[in-house]
Amino acid sequence: AQSVTQLDSQVPVFEEAPVELRCNYSSSVSVYLFWYVQYPNQGLQLLLKYLSGSTLVESINGFEAEFNKSQTSFHLRKPSVHISDTAEYFCAVSGVASYDKVIFGPGTSLSVIP
Amino acid sequence: EPEVTQTPSHQVTQMGQEVILRCVPISNHLYFYWYRQILGQKVEFLVSFYNNEISEKSEIFDDQFSVERPDGSNFTLKIRSTKLEDSAMYFCASSMSPLYGYTFGSGTRLTVV
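Protein sequences, first through last, are from chains A and C. Per my numbering, the first sequence starts with residue 560, numbered consecutively. Per my numbering, the second sequence starts with residue 23, numbered consecutively.
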């Protein structure tokens, strides 16, 4: 079974400052890793994913995450945040078998301060 | 872009009543899921469905819960006798393959009074 830890429940950051949202996972098998974003009063949207290959993955809105197998981490970063990035961010993991479900971390609430 | 549609967006029901939450997954997707999110808490897996049967369910998904894909397009979650603690946002998701991640619906907020 897999599990996900997000150490920071809330992260306030000023606009245009960099941000890192931390994610660590545990698993006895190979994994796929995901970041989902939930804007206020909305559903979950896939932000980016790591399946294999390059350990650095990027989203279309400037976020990136790096898979670090030795540290079992998949931290999310953005060099300069905008007000519109205010949302809940969920790290998620699944095993690589086709039937494996996605397990979500507890979430990190990112608040961008003008 | 294709999307997963959930209805209703908000449902209020009395404790002990049956509710059916409806979802229309993306048409060519093969895997279907229900998750729930109690207010302010984490997103919890309920059940996965593939090839017209449940492939996995969580401890939360007890005998009060059932899922159905009655007509090849809808995917429903039924709660037979609702309890106060069933109040949550329920998300439906579908996927062509777990490789691609899930597409989530916008959720149904269930309030049990």
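It cannot be assumed that every hint is accurate.
As the list claims (entries may be wrong) - Chain A regions said to be covered by chain C (calculated; three or more residues, Cβ under 8 Å): (1) 570-579; (2) 661-670.
Said to hold, decoys possible - Heads up, simulated EDC-like pairs for lysine to aspartate or glutamate below, C-alpha to C-alpha not over 20 Å straight-line: (3) C:Lys-64 to A:Glu-647; (4) A:Lys-608 to C:Glu-25; (5) C:Lys-79 to A:Asp-659.
Hints listed in this document are in silico derivations from the structure and should not be mistaken for laboratory results. What you are looking at is a predicted structure, and each value in this text was computed from that prediction instead of being measured. C-beta: ideal position from N, C-alpha, C; glycine also.
Status of the hints after comparison with the structure:
1. 570-579: With 0 residues in contact (Cβ-Cβ under 8 Å with chain C), the coverage given for the region 570-579 of chain A is violated.
2. 661-670: With 6 residues in contact (Cβ-Cβ under 8 Å with chain C), the coverage given for the region 661-670 of chain A holds.
3. C:Lys-64 to A:Glu-647: Holds: Lys-64 (chain C) and Glu-647 (chain A) sit about 11 Å apart, inside 20 Å.
4. A:Lys-608 to C:Glu-25: holds, 19 Å
5. C:Lys-79 to A:Asp-659: The hint holds at about 11 Å.
Violated hint for the displayed structure: number 1, the only one.
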